[in-house]
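With the sequences and hints as input, model every part of the structure.
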Amino acid sequence: MAETALARPGRTTRRVRVVTSAVIVTAVALAVLVVPPLAQLDQQAVDLANKLDPPSLAHLFGTDDVGRDLLLRCVYGLRVSLLVGLVAALTATVIGTAIGALAGAFGGWADRIVMRVVDALSSIPHLLLGIFIVAMFRPGVWPVIVSVALTHWISTARIVRSEVLSLRSRPFIDAAVSGGASRTRVIVRHLLPGVLPQAGLAAVLMVPHAMWHESALSFLGLGLPSHQASLGNLVQSARGSLLAGDWWPTLFPGLFLIIPTLALAGLAGAWRDRINPRRKSELML
Amino acid sequence: MTAEPPVLDVRDLSVRFRMRGGRDIAAVTDARFSVAPGECLALVGESGCGKSVLASALLGLLPANAATTGSALLGGDTDLLTAGERTLARTVRGRRIGLVPQSPAAHLTPVRTVRAQLEESLRELTGARGSELPKAAAAAAARASFPEDHLDRYPHELSGGLAQRAATALALIGDAPLLLADEPTTGLDRDLVERTVDELRRHTDEGRALLIITHDLAAAERIADRVAVMYAGRIVEIADAETFFGAPGPRHPYAKGLLDALPEREFTPIPGTPPELGALPEGCAFADRCAYADARCTGERPAFTAGLACHHGPTGRAHSPSKESADA
Amino acid sequence: MLEMTRITAGYDRRDPVVRDVSLHVGAGEAVGLLGPSGCGKSTLAKVAALLHRPDAGTMTLDGTVIRGWRHRAPREQRTAVGVVFQQPRLSADPRLSLRELIAQPLRSTGRRRDVPERVAELAPLVGLSDELLERRPHAVSDGQLQRACLARALVLRPRLLICDEMTAMLDASTTAALVAVVERYRAASGAALLAVGHDRVLLERWCDRTVRWDERDTEKAPAGPVTAGGGLRPPAAPR
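Residue numbers (my numbering), protein chains in the order written: chain A, 248 to 532; chain B, 26 to 353; chain C, 4 to 242.
Read the hints as simulated data drawn from the structure, not as lab findings.
On a predicted model such as this, the values are computed, not experimentally measured, just so you know.
Fair warning: there could be bad hints in the mix.
Claimed, not checked - Some, not all, of what chain C presents toward chain B, calculated at C-beta under 8 Å: (1) Ser40; (2) Gly130; (3) Asp145; (4) Ser176; (5) Ala179; (6) Ala183; (7) Asp202; (8) Arg203; (9) Val204; (10) Arg208.
Glycine included, each C-beta is placed from N, C-alpha and C at the ideal position.
Written out as structure tokens, the structure is:
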């Protein structure tokens, strides 16, 4: 009965959601990977004659206040935001998993110290801590990644630690110890594999979060240098024109942030359903 | 049994699960039995034989991919299999069928006292209000021998036995004519098993019908008037408890094997393991493990007649392997 | 074989689950430890299996005084004791096939070469078909999984087998089958057995000698006054 997951009500809706999410994520990946090198277009091309043009056939998303094509700017912006989000989330997950797994597996003093540090760090708002970290460097991509990674590993560490703790007390770990398994073997062969799906899920869920974080920093003027197209920068520089009634420079970058992050979260949700152990045992006759 | 009409009359009940990939799992096939007022029927069998699915079917709690056929008449008028969820929720569960759960500790809400839960059920099921409630709650507790001074405790403060009584008290509130007990003794110590079972017996003697589903044969022997043995989704034997556990003993070779496996009897296992419900053999599902099996057993499925589904049934219960092979 | 003297153990030093318990299992002997659920007999079984360090007391295994538990115990000591737990679902790594489950101890002790041979030997003994061996725990029944767990406990040929409520979740026939497997192994190897459970009829039928939790092993205890109060939770005695 390897594949006995039951049909549950709402399965069609779920499938539609997953497929939509997957299509959007694929489209986004293609757009940011393929379009810039192929298009040979200069996203920085200034065209002062056509500044703040509303959407038209020539410029599907319109142009910004110095006449740059917004569609192109959005694609480049998404590229940068996505890169920052992915690298930051991956770094945060690696840090969080390592710290959480060690704290959980060793327990005792090591665990207590690590968890107090985690508690202390999580009592400071993420954004504040992030601002503090970026402020120490010159603006650029790497400070933003470091800032996001260093503020986001905490939740992963918590998840992984609690997961390791719950696995550690399971009799199958006792059975492994009794069967002669060394400490390293127990961690590597029995604890970590059990935790990785959760950690992977946390990583995927973190990407949208990290993208928003990057955008927030950029919006505040603390993230990427303002000439570099990132979604946060685009929204930030469009503030002035929005007040003048020109909606497109704000709307499109905003949508470019919201839709891909929702799609990613949708995929992550489907994954969570998959690894949810309850589903596997739903029909144990 | 008396001439009274049965409280529950199950006719040819089958449950199929449709699996991904188009496979079907025959969890219950052609179950036929009835339970009369004041009678206790024990449904016994190994875990995985389909007896819990049968209970879920009676309560309308099957998952969406299950299909049922046949009928299960409650009180002669309501077919549990076709009644809608509304009917089941509003008039059947709690009111006409009381459920004694498998793990009482999990069945009780952990953050509310026993009294609060009893009173809630009383309000819901009997319409008791205001000042009557405390008295009614005490009475409900007393019916299940739950000590009144423990009413204000939370479930985690109760011992296993008291939690079981609290759950039984809840099941009895609606004054349902049918009690359904699904493995009520799993994980309990022997003394506690006997106490729980004796109390259930007492409620039966007050005129309720009791269907108890269990793999604990000792518990079944202590409580049941009749025994139904289930194997691989089918009921293979229904017999009077007295003749089943005493002399002359069970008629179906599987039932005999189950009893012989008890440590107080032969303590010998039935060879082999039960077949998968998704891949049942053509003939008798037990033929693989049966010492009496012959060509007819593997070729055709035995019909369920006179409370027995075995090709060798009509030849009498005193059959022995040597005699059977001589016949064949 | 196993000598436990005045063992006190638990998960909170101020409120131990096991107090001052002594227990003796002779070479090749089958001892049943009988007690109600929640009395601490499982904790004692974990101490005996070198899986839980006691707060006080001494224990010898085959004449050697035990100085460390879990990873602090030498591998040879740990693997001399095989354990089967009550709930097969929790005692099996859900990601491993039954074949891998049985093979784990061999792999842990660097004897991966023996895997095919030992698994092929044990599987028919515990009644698992080749097809079942390839399945993962969620695709088999409790009884089938417990058969695999018993095979895993036997794969390193332990000199002492500890069965902690091994059959509490199982039906009569599977119970009898598993007990028969254990007895066949003991007859062939001369291993000792500590069977922990709450079913008096079963333990008395199975074991040479049955010890009730509240009376423990007073007559065999080499030292001093054993037991405080007995029963579920003896009153906290100042020490």
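Evaluated hints:
For C/Ser40, the interface hint holds, the least distance from its beta-carbon to any beta-carbon of chain B being 6 Å, beneath 8 Å. Because the smallest distance between the Cβ of C/Gly130 and any Cβ of chain B comes to about 6 Å, under 8 Å, the interface hint for this residue holds. Nearest Cβ of chain B to the Cβ of C/Asp145: about 6 Å, under the 8 Å cut. The hint holds. Interface hint at C/Ser176: satisfied, since its Cβ lies 4 Å from the closest Cβ of chain B, which is below the 8 Å cut-off.
Look at C/Ala179: its Cβ gets to within about 4 Å of chain B, closer than 8 Å, so that hint holds up. Given the 8 Å rule on beta carbons, the hint for C/Ala183 holds: about 6 Å separates it from the nearest Cβ of chain B. The restraint placing C/Asp202 at the interface with chain B holds, with a minimum CB-CB distance near 6 Å, inside the 8 Å limit. Because the smallest distance between the Cβ of C/Arg203 and any Cβ of chain B comes to about 6 Å, under 8 Å, the interface hint for this residue holds.
This hint holds: C/Val204 has a C-beta 5 Å from the nearest C-beta of chain B, less than the 8 Å allowed. Of the supplied interface hints, the one on C/Arg208 holds, with its beta-carbon coming within about 4 Å of a beta-carbon of chain B, less than 8 Å.
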